[in-house]
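Asks: These are the residues of each chain, in order.
2 protein chains.
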Amino acid sequence: MGGNRELAERFIATLEARDWTAWAGLLHPDVIYEIPQSRERIRGRDRYLQFNQEYPGDWHLRPKVTIADERHGVVWFEWRLDGRVDDAMAFFEFADGLITRVTDFWPEPYEPPAGREHLVERSLRASAGICAESQDMSRQGFVWLATRSGAHRNGAPRCA
Amino acid sequence: MGGNRELAERFIATLEARDWTAWAGLLHPDVIYEIPQSRERIRGRDRYLQFNQEYPGDWHLRPKVTIADERHGVVWFEWRLDGRVDDAMAFFEFADGLITRVTDFWPEPYEPPAGREHLVERSLRASAGICAESQDMSRQGFVWLATRSGAHRNGAPRCA
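Protein chains in written order, with the numbering used here: chain A, 1 to 160; chain B, 1 to 160.
Just chain A, with the same shape it has in the complex:
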């Protein structure tokens, strides 16, 4: 399913490049775009193109994981806007070498509920240069606190 995987990869790459002609060329004319979190839907390539062209801000996208099969695909990507960095994901449906449906999710940060501190570690968003030797940080931009060891109570990230 290299073709569908490539469609998913090019979807993000052409958005990031603001290459609107190439981006629209990946989409079926009757593509459906949905954002379940806000209960929004856009019908058709022309309106979907306009939506993205009008979307405010100097946003940037970086793909992290792309998976596709003969019918479905997903890109888990990082988006950046005004100094904020978060994860998002776009699910795709494919037909005849085009994208026929896109469903986006934009998860927001939240504080965990109490009662599971005995099992979890928490991370801090890392500042540049802190704990640069940490594999985890290079992977995700996170510095992990060793909740179980109690190191977090010192307020000091453990970089081991």
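FYI, nobody ran anything at the bench for these hints, they're computed from the structure.
We put the beta carbon where it would ideally sit given N, CA and C, even for glycine.
You can take every hint at face value.
Here are a few chain A residues that sit away from chain B, every Cβ distance over 12 Å (derived from the structure):
| no. | residue |
| --- | --- |
| 1 | 10 |
| 2 | 13 |
| 3 | 18 |
| 4 | 30 |
| 5 | 58 |
| 6 | 60 |
| 7 | 61 |
| 8 | 62 |
| 9 | 80 |
| 10 | 97 |
Here are some of the chain A residues that sit facing chain B, going by a computed Cβ distance under 8 Å:
| no. | residue |
| --- | --- |
| 11 | 41 |
| 12 | 65 |
| 13 | 68 |
| 14 | 107 |
| 15 | 109 |
| 16 | 110 |
For chain A, the structure is supplied; the task is to place chain B on it using the hints.
Replies: The following block gives chain B in isolation, referenced to the frame of chain A:
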């Protein structure tokens, strides 16, 4: 990659069944579980099992889309708890026929920003039995409002 796709499918099915032995059997002993939104991480199968066994409430999971390749997979699923129904997704990394990493996302509903009403339709969460003929509702539990036609101003779902 039927094996990895089946791992992803069984991950959700055995969780839903509270079949803890079967569920734990899918996981590498050193599996890493991460929730980026809350910056939480759990190391190891035993703690991850305990986390799920202790998770409060009569939660239920229903898979919607599963995709997998030789290294990565995802299940987009619906979760239900106390009358609430929302989407979530679990990304997987595989090695040697086991799940070595799970990363969950739990997107929350939000209101869309102003300025794109000229392009989008909004949906209402449908009550049982309303507009049952709607394909969209049967697909997602949503009734779509025709924002562009102005029908939403009547406050009445359009079921055509």
